[in-house]
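**Q** Sequence:
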Amino acid sequence: MSDLIIFLKTPKPGFVKTRLASTLGPEAACAAYCQLVETVIDHVSELNQVVLCFTPDNAADQIMPWLRSGWALVPQGAGDLGKRLNRAFEAAFNSGKKRVVIIGSDCPDLSAQDIRDAWTALETHELVIGPANDGGYWLIGLSQTQPELFEDMAWSTNQVFLETMKRARKINLRVKVLRELADIDTEIDWSRFLANRKHS
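All the letters of the sequence shown, read from the start, carry residue numbers 1 to 200 under full-length UniProt numbering.
It is worth saying that the hints were derived from the structure and are not from the lab.
Hints are not guaranteed to be accurate.
Stated by the list, open to error - Okay, derived cross-link-like pairs now, SDA-like style, lysine to any residue, Cα gap no bigger than 25 Å in a straight line:
id	residue 1	residue 2
1	198	21
2	170	80
3	12	97
4	97	176
5	97	42
6	9	156
7	176	145
8	9	62
9	9	170
10	9	73
11	9	80
12	9	87
13	98	179
Said to hold, decoys possible - Label pairs and their in silico Cβ distance ranges:
id	residue 1	residue 2	range
14	57	19	19 to 29 Å
15	154	180	17 to 27 Å
16	133	169	17 to 27 Å
17	116	28	28 to 38 Å
Just so you know, even glycine gets a beta-carbon here, dropped at the ideal spot from N, CA and C.
Please take these sequences and the hints and turn them into a complete structure.
**A** Here it is as C-alpha cells:
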C-alpha cells in the first residue's frame, strides 16, 4: 500500500514561483509554474496511488484540471510547510498506507521510476530523500510518521537537506538517498529547462 502525494499551489500570479516572478514578472512565472506542474504530472501519470495535495484549501477548482483518473484531491490545511507535510503523511498512514512519498513540482526531471525506487527503498528504510541542487530536497518518503523531521525547519534555505539528514541520524533512521536533481527556482534555471526541452 503505497502513496505518492504531490504538493501543489493554486496557479495564481503572485502566489507561485515568487523568485522567478522577481525577474520574469508574476504572469510569466505563473505560466512557468503551470508548465512545470504539467511536466511532473506527465512523468508520473502512469502511477495509480496519487494524491494532489493543494493550497490554499479553497483551490480545488483550479487544481482539478491536473487530476487524473483514479487520483485524489486533498487540501493541505493550515500552517507552515512542515506542519502541512507532517499532516499529509499522518493522513496517508492513518488511511492504511505503508510507504508514502511526497514531491513538489520544482524538479521536472523526476520520473515514475524515481517514485518506484523510493517506494522500494521504504521496504527496508524509514526515510528516503532526494536531494535538490539548491540544498533542499525534491522528494521525501517515510514508512511511518516522523514529526521531528518537520518541526521548526528553516524552509526555503540551502540547509534543509543537511538539517533533515542530521535529524534523521539523531533519531537513528535508516536513510536511503536518491539521485540529486535540479530545482527550477530562478530565471537561469528556467532558461536551462527550456533549452533542455528544445534539445530532447
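**Q** Each of the hints needs a verdict: does it hold here or not?
**A** Comparing the hints with the structure gives:
no.: 1; hint: 198 <-> 21; verdict: 22 Å, holds
no.: 2; hint: 170 <-> 80; verdict: 23 Å, holds
no.: 3; hint: 12 <-> 97; verdict: 32 Å, violated
no.: 4; hint: 97 <-> 176; verdict: 19 Å, holds
no.: 5; hint: 97 <-> 42; verdict: 24 Å, holds
no.: 6; hint: 9 <-> 156; verdict: 15 Å, holds
no.: 7; hint: 176 <-> 145; verdict: 16 Å, holds
no.: 8; hint: 9 <-> 62; verdict: 9 Å, holds
no.: 9; hint: 9 <-> 170; verdict: 32 Å, violated
no.: 10; hint: 9 <-> 73; verdict: 12 Å, holds
no.: 11; hint: 9 <-> 80; verdict: 13 Å, holds
no.: 12; hint: 9 <-> 87; verdict: 16 Å, holds
no.: 13; hint: 98 <-> 179; verdict: 23 Å, holds
no.: 14; hint: 57 <-> 19: 19 to 29 Å; verdict: 24 Å, holds
no.: 15; hint: 154 <-> 180: 17 to 27 Å; verdict: 20 Å, holds
no.: 16; hint: 133 <-> 169: 17 to 27 Å; verdict: 22 Å, holds
no.: 17; hint: 116 <-> 28: 28 to 38 Å; verdict: 34 Å, holds
The structure shown violates the earlier hints numbered 3, 9.
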